[in-house]
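Student: Each protein sequence line maps, in turn, to chains Y and R. Numbering-wise (the working numbering), the first sequence opens with residue 1306 and increments by one. Numbering-wise (the working numbering), the second sequence opens with residue 108 and increments by one.
Note that these hints are calculated values from the structure, not bench results. All C-beta atoms in this analysis are idealised placements derived from N, C-alpha and C, irrespective of residue type, glycine included. One thing to keep in mind: the hints can contain errors.
To list a few chain Y residues with every Cβ distance to chain R over 10 Å, as calculated [said to hold, decoys possible]: (1) ILE1332; (2) VAL1335; (3) GLN1338; (4) THR1360; (5) ALA1413; (6) PHE1564; (7) PHE1579.
With a Cα cut of at most 20 Å, we get these calculated PhoX-like pairs of lysine-lysine [stated by the list, open to error]: (8) R:LYS192 to Y:LYS1588; (9) Y:LYS1588 to R:LYS242; (10) R:LYS192 to R:LYS242.
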Amino acid sequence: MTDPRPAKGPGIWARLARARATRPGEIYGVPGQGNTFWLSVASVLALLILWWLVTALGLVKPLFVPSPQSVLAKFAQIWREGFTNTSFLEHILISTARVFGAFVLACAIGLPLGLAMGMSPLIRGIFDPPIEFYRPIPPLAYLPLMIIWFGIGETSKVLLIFLSIFAPIVLGARSGVKSAAIEQIHAAYSFGATRWQVMRHVILPSAMPEILTAMRVGIGFGWTTLVAAEMVAATSGLGYMVLSASQFLQTSVVIMGIFVIATIAFAFDMMMRFLERRLVPWKGRM
Amino acid sequence: MSLKIDHVSVIYPAADGRPPVAALSDINLDIGEGEFVVALGASGCGKSTLLNLIAGFLSPTSGGLTLDGRMVMGPGADRAVVFQKHALLPWLNVIDNVAFGLQIQGIGKQNRYRTANKFIGLLGLDGFQSSPVYKLSGGMQQRVGIARALTCDPRILLMDEPLGALDALTREKAQELILRIWGETGKSVFFITHSVEEALFMGTKLIVMSPRPGRITHVFDLPFSRQFQGGAPARQVKASPEFITLREKVLNIIFADEEAVE
Chain Y
1306 MTDPRPAKGP
1316 GIWARLARAR
1326 ATRPGEIYGV
1336 PGQGNTFWLS
1346 VASVLALLIL
1356 WWLVTALGLV
1366 KPLFVPSPQS
1376 VLAKFAQIWR
1386 EGFTNTSFLE
1396 HILISTARVF
1406 GAFVLACAIG
1416 LPLGLAMGMS
1426 PLIRGIFDPP
1436 IEFYRPIPPL
1446 AYLPLMIIWF
1456 GIGETSKVLL
1466 IFLSIFAPIV
1476 LGARSGVKSA
1486 AIEQIHAAYS
1496 FGATRWQVMR
1506 HVILPSAMPE
1516 ILTAMRVGIG
1526 FGWTTLVAAE
1536 MVAATSGLGY
1546 MVLSASQFLQ
1556 TSVVIMGIFV
1566 IATIAFAFDM
1576 MMRFLERRLV
1586 PWKGRM
Chain R
108 MSLKIDHVSV
118 IYPAADGRPP
128 VAALSDINLD
138 IGEGEFVVAL
148 GASGCGKSTL
158 LNLIAGFLSP
168 TSGGLTLDGR
178 MVMGPGADRA
188 VVFQKHALLP
198 WLNVIDNVAF
208 GLQIQGIGKQ
218 NRYRTANKFI
228 GLLGLDGFQS
238 SPVYKLSGGM
248 QQRVGIARAL
258 TCDPRILLMD
268 EPLGALDALT
278 REKAQELILR
288 IWGETGKSVF
298 FITHSVEEAL
308 FMGTKLIVMS
318 PRPGRITHVF
328 DLPFSRQFQG
338 GAPARQVKAS
348 PEFITLREKV
358 LNIIFADEEA
368 VE
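So that you can see chain Y by itself, here it is in the shape it has in the complex (with noise of 0.2 Å):
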C-alpha cells in the first residue's frame, strides 16, 4: 500500500524551534552566538529614521516629540548659550562629578566590606540585615529622610548617589570571594601561605571579574539616580537640567538631556569593558 499524498516535512513551527547545524568554527547550541554589531547599527538607524519621520510627517505636536532636528539645534544653542546661567559644560561636569565621587566613595568602602563579608561570617551577620533593607528601597522614597538629615547641599545628593550604587558593589564582592576554586585556596595554603596571603594572591585576583561586573552595574544605578538626586535644591548638572526644563516644557532640552546623560554612562560602561579585557583576560576561561 502506496500513501498517494506527498510526504510532509515537519510542520514550520517544529523546523523553527529546533537548531540547525552549525557552520565550521562556530560551537553547536551555544546560547545566542553570534555577532550582533550590524544588527545594533541598524536597529540604531532605523529609530532614527522612525523618529524624524514621525516628526516631519507630522504625526505627533513637537511639545510631546520634538524633531531631530530641533534636539540638534537646541544642543547647540545650550552648547554656546548655556542653560540658566550655567554654562553646559558645567552642568555636565557638576553631574559627572557627583555621580563618579559617589561611585569611587561606593568602591573604596563597598568593595572592603563586599570582600569582609564573603571572609567573615562575623562582619557578614552584622551588615547584611541592614544592606538588604535599604537596598530594595527606591531612592526617591528615603530622598527625604536624606534631605531632613543632611539638608539641601551636595551632602545629600553624593550620598543618595552613593547608597544606590554601595549595595551592588558590595554584593558583587562578596559573591566574587565565592569565585575561588578550593584547589586555588588548598594550593596556596599547602605553600604555606597566610590567610592574608591568599586573601590577596588568590581569593582577590579571582574575584576581580566579579567586581567588575559589580562596579558596572552600580555606575549604571549611579546615573540612574542621578536626577533623584538633582531635585534637591539643585542649581545645576544634568539632572537639573532635565527636570526644569520638564517644567517649561522644553521637550527638546529633556530629551537632550536624556541624551547626553546616556552617552556619558555608554562612554565608561565601553571603558569598563576594555579594563575588563585588559585586567581579566581569562575570564570564563578556566
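Given chain Y, work out where chain R should sit, using these hints.
Tutor: Just chain R, lined up with the frame of chain Y:
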C-alpha cells in the same frame, strides 16, 4: 623523610538526619624516603580524605600523623599537593604559576625565577614561560602544576588523581614523565588514582582501600616502576605476565568492593 600514619580514624559527624560516617577507620601507613605509594580503591573509600589528612587540610578524629617525627598540624610547604584540575592561577603566566610557592615564601623575583626555570626545563615547558596558563593544553597545565609543587623542595609530593582529566595517550606519557622526575629528584610520593594499571606501573607500594568504613585492605610491594627506571620500556613492563597477573588480582578486589556497595 618518613611519614607515619598511626591508627588514624576520621568520622564525619551526623548531618541532615544521617548517621555519622566513618570516612577512615584505623589507618596505619608508613611512607619512607623515596617511596612511591599509590592509593587505589572504589569511590568513597577515603583516598582523598587520606590525602587531605597528610596535606594537613583535615585533622583526624583519633590517631596521629607525624612527618620526620613532628606532628602534622596543618598545611605546610614540606608537603606539596598536585591537584587534578582547577588549581593553577589563570591571572599568572607559566613562570609566575611555577614560582607561586616561592613568592608565598617571600623569595625575591630573581631567585624564584631561577628556581622556577630549573623545574620548567625539567618538565619540558621551556619556551612557555610567559604563556598564559589558560591557553595551554590539559597535559601542559598539569606539568605546570607538578613544576609548581616541586619548586619549594617539599619532603613529599601528594598527588590527587593528577592524571585523571587527561586523555589516554597524554596520560601514559605523563606517567613516564612523573616516574622520570621522581627518579631525578628522589622525592617521596603519595599518589591517588582510579586506574589499576597506572597504580601498578607507577608505585613502589600499592595500598588498596575499601569503603564503609574507609580502610586499607591490601598492601602490595611493586617492582614495575623500578623496572621502568632500569630501562625497560613502559609497554613491555605493562605487558609482562607478572604485571597482568597482579592487575587481575587487584581488579578482582576492587570489583568485589564495588559490588558490595551496590
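Student: For every hint, state whether the structure bears it out.
Tutor: We went through each hint and held it up to the structure:
no., hint, in the structure
1, ILE1332, "17 Å, holds"
2, VAL1335, "18 Å, holds"
3, GLN1338, "20 Å, holds"
4, THR1360, "51 Å, holds"
5, ALA1413, "23 Å, holds"
6, PHE1564, "38 Å, holds"
7, PHE1579, "17 Å, holds"
8, R:LYS192 to Y:LYS1588, "17 Å, holds"
9, Y:LYS1588 to R:LYS242, "12 Å, holds"
10, R:LYS192 to R:LYS242, "14 Å, holds"
Checked against the numbered hints given earlier, this structure breaks none of them.
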